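Visitor: Chain by chain, the residues:
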Amino acid sequence: MNKVLLMGQANVGKSVFFNRLAGANVTVSNYPGTSVDFDKGRMLLEGKHVDLIDVPGTFSLQPKDRAEEVAVKMLEQEKDTVVICVIDASKVERGLYLALEIIERGYPVIVALNMWDTAKNAKVKTDVKKLEQILGVPVVPTVATTSEGFKELVSRMREAAPVAIEEITKSVGGDKSETHN
Amino acid sequence: MEKKLSEMKYEEEGIVKEIREGLKDKIAGMGIREGRGIKMMTKQPIKGPAVVAVDRANTSIGLGLADKIIVEVGK
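These protein sequence lines are chains A and B, in that order. First residue of the first sequence: 47, per the working numbering; consecutive thereafter. First residue of the second sequence: 95, per the working numbering; consecutive thereafter.
No lab work stands behind these hints, which were simulated from the structure alone. As the structure is a computational prediction, the values presented were derived from the model and not from experiment. Treat the hints with care, as some may be off.
As the list claims (entries may be wrong) - Below, computed lysine-lysine pairings styled on DSS-like, alpha-carbon distance capped at 27 Å: (1) 133/B x 176/A; (2) 137/A x 162/B; (3) 137/A x 137/B; (4) 166/A x 103/B; (5) 162/B x 176/A; (6) 120/B x 137/A; (7) 98/B x 119/A; (8) 110/A x 120/B; (9) 216/A x 162/B; (10) 111/B x 137/A; (11) 110/A x 141/B; (12) 110/A x 98/B; (13) 119/A x 118/B; (14) 169/A x 141/B; (15) 133/B x 169/A; (16) 97/B x 110/A; (17) 119/A x 97/B; (18) 120/B x 125/A; (19) 94/A x 49/A; (20) 216/A x 137/B; (21) 166/A x 133/B; (22) 110/A x 133/B; (23) 119/A x 133/B; (24) 110/A x 118/B; (25) 216/A x 103/B.
To be verified - Just so you have them, the derived chain A footprint on chain B, three or more residues with Cβ under 8 Å: (26) 114-123; (27) 133-145.
Stated by the list, open to error - If you anchor each label on the Cβ, the simulated ranges turn out as follows: (28) 217/A x 141/B: 43 to 53 Å; (29) 171/A x 130/B: 15 to 25 Å; (30) 179/A x 118/B: 20 to 30 Å; (31) 95/A x 140/B: 45 to 55 Å.
C-beta atoms are modelled at their ideal positions from N, C-alpha and C, and glycine is treated no differently.
Could you build the full structure based on these sequences and the hints that come with them?
Guide: Structural data, given as structure tokens:
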């Protein structure tokens, strides 16, 4: 694995995430053919420098506009990659939709429940352990603005492994046909 | 009473009753699905997009899309 993709819906804090993980080593580049920017940087992972890419926010992998198309294309081009799926901790259901789509495509995923502090203030609680059990991928609560949870996130990135979507539907007691609705 | 999402008034709330076939996948990522509570936050003039709140999140949605979503509203 030599690349890390930061994916998530719009306004979940991906870019703050990016700046935290990449530090000051940021370069900005332009994706050819579109007006949509993405950021690329490097982060230190277990003593190794790896590329970190800040993908434009997308609601789902069925693109509705140009920016989302870019996001999906970037995901499809990168094969040897780990995806950090950033979810707004107070809007978990919406975020899980995208996370499940990425998992379904066979990528190793680690889920960050970002803005954990805001969710807490709004009295939204998520059973992280349970969610981890269901998804079979690491789930880490984070607060990107203060770096809370980042140590755990980075140290658990190696646990990210592809999970068969059937396993997830089985663990919530559904069958495959119900997921496509 | 049922009405189109696009016909909802400012601050009106309802439950999503029906989404036109083929559209479900498209908007599921925004958290809009049947059975979900939905609230009209703002409507822009001259057929501009509407802003709706679902799951504590505000999402803007085009009126064309909003035409194809049926909402059950109180009263």
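Visitor: Against each hint, give a clear statement of whether it holds in the structure.
Guide: Against the structure, the hints come out as follows:
no., hint, verdict
1, 133/B x 176/A, "violated (30 Å)"
2, 137/A x 162/B, "holds (24 Å)"
3, 137/A x 137/B, "holds (23 Å)"
4, 166/A x 103/B, "violated (31 Å)"
5, 162/B x 176/A, "violated (36 Å)"
6, 120/B x 137/A, "holds (18 Å)"
7, 98/B x 119/A, "violated (34 Å)"
8, 110/A x 120/B, "holds (7 Å)"
9, 216/A x 162/B, "violated (32 Å)"
10, 111/B x 137/A, "holds (21 Å)"
11, 110/A x 141/B, "holds (19 Å)"
12, 110/A x 98/B, "holds (21 Å)"
13, 119/A x 118/B, "holds (22 Å)"
14, 169/A x 141/B, "violated (36 Å)"
15, 133/B x 169/A, "holds (20 Å)"
16, 97/B x 110/A, "holds (25 Å)"
17, 119/A x 97/B, "violated (37 Å)"
18, 120/B x 125/A, "holds (25 Å)"
19, 94/A x 49/A, "holds (11 Å)"
20, 216/A x 137/B, "violated (41 Å)"
21, 166/A x 133/B, "holds (23 Å)"
22, 110/A x 133/B, "holds (22 Å)"
23, 119/A x 133/B, "violated (33 Å)"
24, 110/A x 118/B, "holds (13 Å)"
25, 216/A x 103/B, "violated (41 Å)"
26, 114-123, "holds (count 5)"
27, 133-145, "violated (count 0)"
28, 217/A x 141/B: 43 to 53 Å, "holds (45 Å)"
29, 171/A x 130/B: 15 to 25 Å, "holds (20 Å)"
30, 179/A x 118/B: 20 to 30 Å, "holds (28 Å)"
31, 95/A x 140/B: 45 to 55 Å, "holds (51 Å)"
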